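Participant: Residue numbers (my numbering), protein chains in the order written: chain A, 5 to 103; chain B, 883 to 1387; chain C, 8 to 518.
Hints listed in this document are in silico derivations from the structure and should not be mistaken for laboratory results. Among these hints, one or two may not hold up.
To be verified - Now the stretches of chain A that chain C is said to cover, found in silico as 3 or more residues with beta-carbon under 8 angstroms:
| # | stretch |
| --- | --- |
| 1 | 19-33 |
| 2 | 37-47 |
| 3 | 62-75 |
| 4 | 81-90 |
Quick caveat, the model's predicted, so the values are computed rather than measured. Where is the CB? At the ideal position from N, CA and C, for every residue including glycine.
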Amino acid sequence: MSEITQEQVTHLANLARIALTPEEIVSLTSELGSIMDHVATVTEVATPDVPATSHPIPLQNVFRDDVVGQTLTAEEALAGAPDHDGSRFRVTAILGEEQ
Amino acid sequence: MAKLMDYDRALELFEPVLGFEVHIELSTKTKMFSDAPNYFGGEPNTNITPVDLGLPGSLPVVNGQAVRYAISLGLALGCSIAPTSRFARKNYFYPDLAKNYQISQSDEPIAFAGSVEVELPNGRMFTVPIERAHMEEDAGKLTHVGGATGRIQGAEYSLVDYNRAGVPLVEIVTDIIYGAEADAPELAKAYVSTIRDIVVGLGISEARMERGNLRCDANISLRRRTPEGEPPAPLGTRTETKNVNSLRSVERAIRYEIQRQAAILDDGGTITQETRHWHEDTGQTSAGRPKSDADDYRYFPEPDLLPVVPSAELIEELRAALPEAPAIRRRRLKAEWNFTDLEFQDLTNSGLVNEVIETVAAGAAPAAARKWWTGEIARTANAQGVDATTLVTPLQVAQLVALVDAGTLTDRLARQVLEGVIAGEGTPQQVVDARGLAVVSDDGALIAAIDEALQSQPDVLAKIRDGKVQAAGAVIGAVMKAMKGQADAARVRELVLERATALPE
Amino acid sequence: MTTDLTRLTADALATKLSSGEVSSVEATQAHLDRIAAVDGAVHAFLHVASDSALAEAADIDRRRAAGEEMHPLAGVPIAIKDVIVTKGMPTTSGSKILEGWVPPYDATVMTKLRAAGLVSIGKTNMDEFAMGSSTEHSAYGPTHNPWDLERIPGGSGGGSAAAVAAFEAPFALGSDTGGSIRQPAHVTGTVGLKPTYGGVSRYGAIALASSLDQIGPVSRTVLDSALLHDVIGGHDPRDSTSLTDAWPSFAEAVRNADVAGLRIGVIKELQGDGFQPGVMERFREALALLEGAGAIITEVELPSVEHAIAAYYLIMPAEASSNLAKFDSVRFGLRVNPKGGGTVEDVMSATREQGFGAEAKRRIILGTYALSAGYYDAYYGSAQKVRTLVQRDFAAAFANADVLVSPTAPTTAFKLGEKTGDPLSMYLNDIATIPANLAGIPGISVPAGLAAEDGLPVGIQFLAPAREDARLYGVAAALEALLEQKWGHTLLSQAPDLSPSEMNATDEGAV
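Modelling step: build the complete structure from the supplied sequences, incorporating the hints.
Facilitator: Take a look at the structure:
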């Protein structure tokens, strides 16, 4: 049922921000196709009368009190950063705009 | 520069169709999903926990107070509160979004289907339909460095501060708004202003637009009018104008977009579905990112969080605690204060209703409170380019009014005292004392000055004695001058007439 | 003397530490020595924290000498799966994209371990981001099965299981999203338990699939797993999915183990076709022993289990695709600047291309597909419905049985490299373990013996209803006792010695 195309994989890689090589796109297209053929069987048993389960153990209303806790220092926050200016994280130029 | 159509002509040809998305930053103590302080001034990247930084392994936990605030807001908007609402992940990559997904209540908002009554400057009442109000988290703050404009285009690099990341937001989304017609720009302003009044009344947000506590994205499209009897034309393509950071801008941006879109459509062009950025300085919008099918946010229920299922008891408790709705409150205040429509409208437009309420509560008469806030204080604020509320407190205004009522100050003196209070010289009484501005109410001093003036102008004295009372003006002027203005002119007049007969011939 | 210390169970070592017969520094050094001797061949560890471990051990010894009240396990060394965030110890989750990252905070389980005075001796190897069943998808090279160095140690927690099986640590922490604790236990002759979802805090466990992940114990004996579970379990306000239940002592459940009258339901769908004869032989033998001890063996059906793998391979990658989005080169980890520069989008894409391995990319793309507009309902939505069906099946089965049982995996350890070219066949290996994750119920794997045809370990899996983890410790401990009584020794005592001379010989032939 699933016919995955290279164009789709390219689009997915773009959504997922992974610069796949042309070779990877070819192999992923075929792997994804065979995996999807297998997993698509879920659609056969998932009839409209069956509710979806997103949490294995149902809980609700799990809230936190509005009380301030411990924060990281800027040094701790920046320690693992690839690049920073001493107080903020630095990234290269952004194409596009704020969302 | 975009071509604009005359506004009235645009309204003849097209019907404006509106929609608003207003984001409210809640004033909780901590963030939406972490226990970091909900405060984003100060040193960058200090009000953050591993959760706000999206560190691997960290997990969100919902702030219960934010949920209560959101329910209260939903109720104030006349919404139904969802028996079950759920958080979802909105997936997209952006450097200010720490996890590269935003936790938001996408298709299961906590509040839905409400309406807000809005009063337009011309007195027209308008009901804005509310589709939903839902909770979500704010993103971090980007600063673009390099390039000529300091804007994103042409920047060499950007810096990210995550202090704002995770600040609790409620997004209020209207249904499509029809029927605003030529009032569309005023409706936009009045709607945002009403939302601001509601959240301020609830005490759930600072709601300062200039600080981004309250942000409005305005959707607008034009529908071509069809001759009577013909079916209505389909809805036009809409644009979403962002970055509108003041009430005035909301109004201007809508007007601008109507004129811009009308010019394009009338030339046979088409509107691009896109976000547009409002520029306060030029009064124009510019094209931003086009919306397209490529926007695939891959929403799915947030597996790290559980459904919100508010009890009926909680909802009723919050409902009982709701303050008066702005429209009802306005009607009540107008009656209580005995203001005319025009007076109250004038006050509403100035955005100083709360200040007048507090000033009245501090003992001032409503008319005097209104006169000072919308008069001298508003003028000074305008001249200085600041918010009137930052200049003086309602208590200070009430004290000033009390000094006038007691006869200690004339209006003219009171204006000088106000100037001193604004300059930070202390309370009105302190300014009076320090500047020596009080009215000279010692009749002895006044009589001495009057007698001197009358005796130095015998011809005037004679005229007064002859019953030509209007001649007293010259004497009064001389006395006021001698008293350096610190005398009550009416009292001086009384005394002049008295002395004119009392003085020996 | 030092070799003896590594052969002790955590419980036995704890007794010697409490009595003062052995110091924590001695115990820690013994395990560090063992790691130095054998880990070159096993490669169970990504990071050995010699200095900090010895310092922590010395601190425990000092406090104990000062008469301080100590937790019974204080001073016992433990290995930590690298999926768990550790302050001061590098944490990579088996990925290049996190190489060298030292977290500024501790996972809740680490906080609990430190509070109890356990000594963390290092971080163990794993499939990248826990994506795999063989530890071959680690960015830092595979771990080798101590029973046969040419074979897989299971996955994703092959490092923790191998470390325990090779006597490099008495016990370890693992994480289980679809079997990553239980399947490695199965192939290495060790014990591993996936707790009830929400029984152990996930705060600080680098997420693979949030609705399936669970941290749990890995050990050589059922009692050691129970002791460790008692330390790490319980409510954590930092994890919204953490249960507020008051848990019984699992160690107590082990000590009171008794299967008389216990109804054990054999899962019909998890035997026969595709299951190796030697695996089934040990399985039936174990059931016979339990029946002999008074257990009532019945058969139960889980008809939806045939769709469990399909549902799992939609839900897991979907959640993973979102969980792994944070690895973007901005706040932590690797940054790769594309040739000739580029925008931040290009930098992110280049970083993720180079930083993620093939399996991670495969699952991210698969998950992105399953969630994308137009496919969500058919794939992710349907998979969540299958999850409901699996839960219903379990509920029906548990109406007639106190615990359920199956082999932990269809086969014994396969050879390194045997399945890396065929992702689907690798996925099918998780058939027996996945249903418990979908339903959120607890599961344990205990050694059942060696398969006749290859002499490799075989595990048996017990499942219990949610919150009934204690039942698993009871039945597993009972079976462990029955088997060891029958054999006259522990299973791991039969594992190859891994003496240095043997190591060298194997090294030459190793991958």
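Participant: Could you work out which earlier hints the structure fails to respect and list their numbers in ascending sequence?
Facilitator: none
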